[in-house]
Amino acid sequence: MTGSAGVAAGLVLAIGKIKTAIAIQFMNQDLISTVSAFVLRAEDVSKQVTSPEGTLTILSDVSLAIPAGETVALVGASGAGKSTLLAILAGLDEPSSGRVWLNGTEITALDEDGRAAARSRHVGFVFQSFHLVPSLTAIENVMLPLELLGNRHAHAQALEVLEKVGLAARARHYPRQLSGGEQQRVAIARAFVTRPPILFADEPTGNLDAATGERIIKLLFDLNMETRATLVLVTHDQELAARCQRIVRIDAGRITEADTQGFTRERRVR
Amino acid sequence: MTALRFAWQNLFREWKSGEHAVLTLALVISVTALTAVGFFTSRVGRIMEEHAGELIAADLRLESPQPLAEKYFQLAQARGLKTARIESFPSVVLYGENSVLSAIRAVSAGYPLRGRLKVADTLFGVGNPTDAVPAHGEVWAESRLLARLGATLGATLDVGRATLKVTRILDYRPDQGSQFVDLAPTLLINIDDVPATQLIQPGSRVSYVGLFAGAPADVQDFKQALAAVKARSERLVDIADASPQFRKSMDRAGRFINLTAMVSVLLAAIAVAMAARRYAARRFDIVALMKSMGASQRLVLNISMLELLLLGLAASVVGTALGYIAQAGIAFLLKDLVRGDLPSPSFAPAVLGLLAPLAVLVGFALPPLLQLSRVPPARVLRRNIEPPPLRYIVVYGAAMLAVGGMLLYMVRDLRLVGYVLVGVVGSVIVLYAAGWLLVKSLGGLRGSVGVAWRYGMANVVRRGRESIVQVVAFGLGLMVLLHLTVVRHDLLDDWRNGLPEHAPNQFLINIRPEQVPELSTFFTANHIAVPIFVPMVRARLADINGEPVQGHTYTDDRAKNFVDREANLTWSRNLPEGNKIASGSWWRDGDGGGARVSVENGIATALGLKLGDRLTYDVAGIPVTATVTSTREVEWDSFKPNFFMVFSPGVLDSVTGTYITSVHIDSEQRAVLTNFYKRFPEITAIDIDAIIQQVRGVMDDASRAVQYVFLFAILAGITVLLAAIQSTRDERRYESAMLRTLGASRSIVLQGVATEFTVLGVLAGTLAATGASLAGYFFATHMLDLKYHPDLVVWLLGWISGALLVGTAGTLATRSVVNHPPAAILKEAASD
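Listed in order, the protein sequences are those of chains A and B.
Counting from 1, one number per residue, gives the positions in the first sequence under this note's numbering.
Counting from 1, one number per residue, gives the positions in the second sequence under this note's numbering.
Source of the hints: derived by calculation from the structure; they are not laboratory data.
Backbone N, C-alpha and C fix where the C-beta goes; we use that ideal spot for every residue, glycine too.
Some hints here could point you the wrong way.
Facing chain B, a subset of chain A residues (Cβ under 10 Å, in silico) [as the list claims (entries may be wrong)]:
hint	residue
1	Ile88
2	Ala116
3	Glu147
Just need the whole structure built from these sequences, with the hints factored in.
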């Protein structure tokens, strides 16, 4: 890392730390709703589902506030509720109770179409299994979110982002003609093409080998830094989590630890 | 706009990948079936619109069983109207040793007053219009008459006592009834040749027709004048009378054939539903993804609806074009029934071609699309999240609405639509239950025949619902074809063979009283048993219990016809053979009961007659009154002269009548018939065998057309099969890969697939043979009063055609699935 980049990263980290400190403080004071610096906020979010065995609580009174530009890792064991939390934070699913604000909009007060509109403006996704449309070429996959927004320059913009992820030459290839890593790079290009303020990633390296995963993560973080987006990712990967400014640990539907890397490091140093 | 762009792109991509093939095929088949029938019926219907006046060959027609008075023609000519005459009667036409019963139409110059005759110079050649009529001593004969006689142009035919030369082939005459021709072929002769034939004798069955045409006002004036002076037995027919009747019979035939086409549409709709379900299921992930990117439910629904709408439009264009071509096939098959030049089709059926795929899509594809639009976006994170299932009322309600709507558009009769819908639902339940039983019955047959067999059988049972749908879809098409080809022929043969061996096969009518002894001598000389000669008088029912009767006061069609026409009456001392008294009692000699009449049970009910009622008949102007003292049950197919009204002796004896009888003539004695025709040309002999042949010919033509339409049902059945294969394609690919990984060879897997589809075909054949036999049983016992004999051929044909058709189509369509390398498929499945 060059010196200036290291300084910049340190600065971002510091700002993140301060914001998180404020967030935790405000959460404690229950004054979250008055603060607009948080790009993503959840308040007492619970999720229950009914199953043949009875009512199952997946999330229980989860509150969380994430400032703009922060990188957050949601970690926890399988079935802990992290994907459900991601889905609710991103407006893909509704909580049984509680409220969620996405970039200042309370998405829990919206219907499905309202949440869809909010997603189109504020959110990008990267998935474990890439979720590329098999019948569309790489560039068409990247164009998709722009076209849904009615963008007339979809092709040019998509090509620009594909260039950034190093796949401009394979723009006309179909997903089946691309390797797993390439597919995920297309997916990342698609997630960033609308320049969303928040990016959600669900196990982005889960289906990739270690080396490819490493390259993908670097790309994800580089683009994130460039666009100053907030990144919320779900992962099992300790190393990946460690690269985020904050790790939110979830266990049996509750947040057991919401800490910044800074605090953790400080504790380690001591 | 966004929706349309996405829809267009999707359509293009899906089309390229072949995923829309089954859906398109099903839609095209339904449109083709409907429009082919629609275009054909429109052609027949247009005869009505374009040639209404030609239907009766005049503006006004006067029909009578008696010669028409000359004053009628004078009245018409005085008003400046053109006139012409027709005398028509049945007679046997002889050419050498060959004889054919034909409808003789003797016409005067000027016939027809509206429309033109068409004549050709070669047998079955294309006719050209002419304004002439056959000259003195010449005849124009229909091709089929000459073909049956073995004669050709220039031949001389014996018509009664006259010998006439064939100078033209009659191709078309405007007034050939309702276009569905009389059974007997027409021979057109000059009216001046009638006396020379000596065929018209007192009591002969002749129809005398006067034709009148001119300016509308003059025709109207003449009509009023004529109505005031004409006799009651003379019937006035104008275009307004003829058209509704013609239109009604056309409507009925049109509705029937449309309903036949609907079977194909319903089967195709099943394929559409299956294909749409797969389409929706395949798009669950993509829709979840689009929704995660912000696509609204409405946008998603709009995209898929527009995509299928575009597909529907394309299918409608292609299907309508194919329907236009296919209608020529129906016209060709029915060319003997619907003769003359059919006008070109109207474009109204194209509207149906446009609406039908839309209705099918809304009814059968919209429910899966609605479900698709409700895919939760969270599916992008957890693939096991499914959209909420649709309520049954939505799925079945939409289908019923679509089918009901289409039916209503076609038959325009709400009550009929209701009946058909109830029938369809009932049939679906019965067929589904039968299919279920058949599929379930396979459970015990897995045995230890071999892995391929077991795999195939297991697949049929495991894919229970798809299997049942396929069995029913194929079974239905095959059932109708089997019924029309095998069972119908069997029934007709059974009926003919069921008649007593020496049942009369020749009806002789128009026998003058003085000819009876001569005829008896002729029979004796030729070793033919002398039959009983039954007297016959033609008369019209004038009043019942003093109240004049009129046809229009009856609702029953039989009663209407009976009252409006002259009926054949007879008298008899003894109860005729084959008759049974149903109520009252028969008369005895010298019981002094006066004039009495015994009425056939059915017509007594239709006319509302009871014992003691007094009937007055107008017998050639003389009123004859008799009391109803009995009703009879009559065995109509005894081939003996049977009558609705039998009078007691002494009532009708004095009125000049003719005799009627029936005799049996062995096939080896048929040469006697030629001598008979030559010696007694004025006696009309009706050959029952020839009539059965003619009936069979008409039925063959009609059922060939229906079979043709049912070929679409078979095609639709194939689309159901393809849709079912398509919906299980991924599953099959995975199974085949698994089996091959476990060491099964490609041929073992293929054998398993072949077993599966052959078994499905045999099940469909079983269902078809059962249905066709049950229909045969119903027709035999309820309509023909026959003992039904099951026919093994029906079952063999059902099994073989089912196994071949479904087995081959299914195996061919699945073959590609087996060809994929197992490793690639398993890897693909693992990454899902």
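| Hint numbers not upheld by this structure, sorted from lowest to highest | Structure breaks no hint.
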